[in-house]
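Participant: Model the full structure from these sequences, guided by the hints.
One line per chain: the protein sequences are A and B, in this order.
Going by this note's numbering, the residue at position 87 of the first sequence is 150; the numbering climbs one at a time, nothing skipped.
Going by this note's numbering, the residue at position 88 of the second sequence is 151; the numbering climbs one at a time, nothing skipped.
It should be emphasised that the hints constitute simulated quantities derived from the structure, not laboratory data.
Zero decoy hints are in this set.
Which copy is meant is left open, so a pair is good if it fits within one copy or across any two.
With a straight-line cut-off of 27 Å between C-alpha atoms, the simulated DSSO-like cross-links for lysine-lysine are:
id: 1; residue 1: Lys-101; residue 2: Lys-117
id: 2; residue 1: Lys-224; residue 2: Lys-152
id: 3; residue 1: Lys-186; residue 2: Lys-101
id: 4; residue 1: Lys-186; residue 2: Lys-117
id: 5; residue 1: Lys-100; residue 2: Lys-186
id: 6; residue 1: Lys-224; residue 2: Lys-93
id: 7; residue 1: Lys-114; residue 2: Lys-100
id: 8; residue 1: Lys-186; residue 2: Lys-152
id: 9; residue 1: Lys-152; residue 2: Lys-193
id: 10; residue 1: Lys-105; residue 2: Lys-88
id: 11; residue 1: Lys-234; residue 2: Lys-224
id: 12; residue 1: Lys-152; residue 2: Lys-198
id: 13; residue 1: Lys-101; residue 2: Lys-88
2 protein chains.
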Amino acid sequence: MAVIGVLIENKFEDSEYKKPAAAFKKARHKLVHLGVKKGTVKGETAGIKVKVEKAVSDVDAGDFDALFIPGGYSPDLLRSHDEVVAFVKQFAATGKPILFICHGAQLLITANLLKGRRVTGWKSIIQDIKNAGAKYRDQEVVKDGNFISSRCPADIPAFIKASLGKLNIEKGKRNLL
Amino acid sequence: MAVIGVLIENKFEDSEYKKPAAAFKKARHKLVHLGVKKGTVKGETAGIKVKVEKAVSDVDAGDFDALFIPGGYSPDLLRSHDEVVAFVKQFAATGKPILFICHGAQLLITANLLKGRRVTGWKSIIQDIKNAGAKYRDQEVVKDGNFISSRCPADIPAFIKASLGKLNIEKGKRNLL
Numbered sequence: 064m065a066v067i068g069v070l071i072e073n074k075f076e077d078s079e080y081k082k083p084a085a086a087f088k089k090a091r092h093k094l095v096h097l098g099v100k101k102g103t104v105k106g107e108t109a110g111i112k113v114k115v116e117k118a119v120s121d122v123d124a125g126d127f128d129a130l131f132i133p134g135g136y137s138p139d140l141l142r143s144h145d146e147v148v149a150f151v152k153q154f155a156a157t158g159k160p161i162l163f164i165c166h167g168a169q170l171l172i173t174a175n176l177l178k179g180r181r182v183t184g185w186k187s188i189i190q191d192i193k194n195a196g197a198k199y200r201d202q203e204v205v206k207d208g209n210f211i212s213s214r215c216p217a218d219i220p221a222f223i224k225a226s227l228g229k230l231n232i233e234k235g236k237r238n239l240l
Numbered sequence: 064m065a066v067i068g069v070l071i072e073n074k075f076e077d078s079e080y081k082k083p084a085a086a087f088k089k090a091r092h093k094l095v096h097l098g099v100k101k102g103t104v105k106g107e108t109a110g111i112k113v114k115v116e117k118a119v120s121d122v123d124a125g126d127f128d129a130l131f132i133p134g135g136y137s138p139d140l141l142r143s144h145d146e147v148v149a150f151v152k153q154f155a156a157t158g159k160p161i162l163f164i165c166h167g168a169q170l171l172i173t174a175n176l177l178k179g180r181r182v183t184g185w186k187s188i189i190q191d192i193k194n195a196g197a198k199y200r201d202q203e204v205v206k207d208g209n210f211i212s213s214r215c216p217a218d219i220p221a222f223i224k225a226s227l228g229k230l231n232i233e234k235g236k237r238n239l240l
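Facilitator: Here it is as structure tokens:
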């Protein structure tokens with residue numbers, strides 16, 4: 064199964080973390096929570112506590128089969144740290160899946176990864192997505208190569224379905240190696 | 064003295080509102096707090112409560128001599144409302160001062176107002192500012208025509224000084240009319 068790096072900080076949107084995380088675990092994928100430093104972070108709306116197991120500066124892109132970026136204000140907090148942005152760039156260069164929802168695209172904007180890509184995200188960041196050179200799509204889930212993106216909590220079921228499908232395809236590729 | 068419209072929502076950065084607001088009032092300017100709807104909003108770090116006196120949909124750009132946009136997550140919340148973005152565009156067309164700090168520039172990005180302008184803002188939104196076509200400057204305060212911008216709480220004294228200077232120049236203009 065896939066090892067998924069979850070990029071998370073305080074003020075994440077609880078449902079956008081909790082529901083996909085539960086579905087990924089149920090499908091027997093392994094989650095490793097990554098952040099600026101080891102410790103506990105807390106969700107914005109429901110106050111869920113999540114243990115950050117590793118600092119991004121202590122891991123390598125090769126350690127993971129996919130990245131998952133929940134929304135809320137967590138992505139904005141993460142992208143003010145150069146080492147997080149550098150890690151996202153390093154991971155993106157592998158071409159492996161990046162699954163993001165809501166404000167998650169902010170991290171990819173700062174990492175300069177959206178040019179020419181079809182992407183969706185939360186309403187407030189639509190202009191930022193467009194200005195980054197992406198083709199914004201107002202859909203519950205947008206699939207473009209290794210990128211799976213959704214807009215908001217209401218899109219979570221579609222986000223989970225598309226993400227699990229993508230992880231399965233990648234699993235098939237790994238088995239062929 | 065100037066009538067300053069303060070664009071504010073929940074999760075504003077308390078110091079970035081409180082200190083400039085106090086300085087503007089001390090200089091005998093009048094503040095009118097504007098938001099999505101009338102009511103009370105609360106600061107992110109210190110929990111200061113601010114009364115929103117008017118909804119932007121109930122005011123006209125002509126009612127104000129300047130706009131002030133404190134940072135925190137207030138600007139991101141405000142820009143998901145079309146009527147707030149429309150009001151900012153309408154006000155910007157008057158050419159009167161817009162004073163913004165930290166995440167404040169986000170509102171101007173969504174309103175498509177930064178192209179070719181010299182602007183600063185909080186670290187996490189630097190790439191968004193650049194992608195919006197602005198010339199990002201890493202300075203405590205950046206003055207470009209009617210725009211006065213600063214990066215973060217540490218810049219507040221410079222932000223206040225430049226803002227008051229700008230309001231004085233505008234006052235001189237009004238007195239000549």
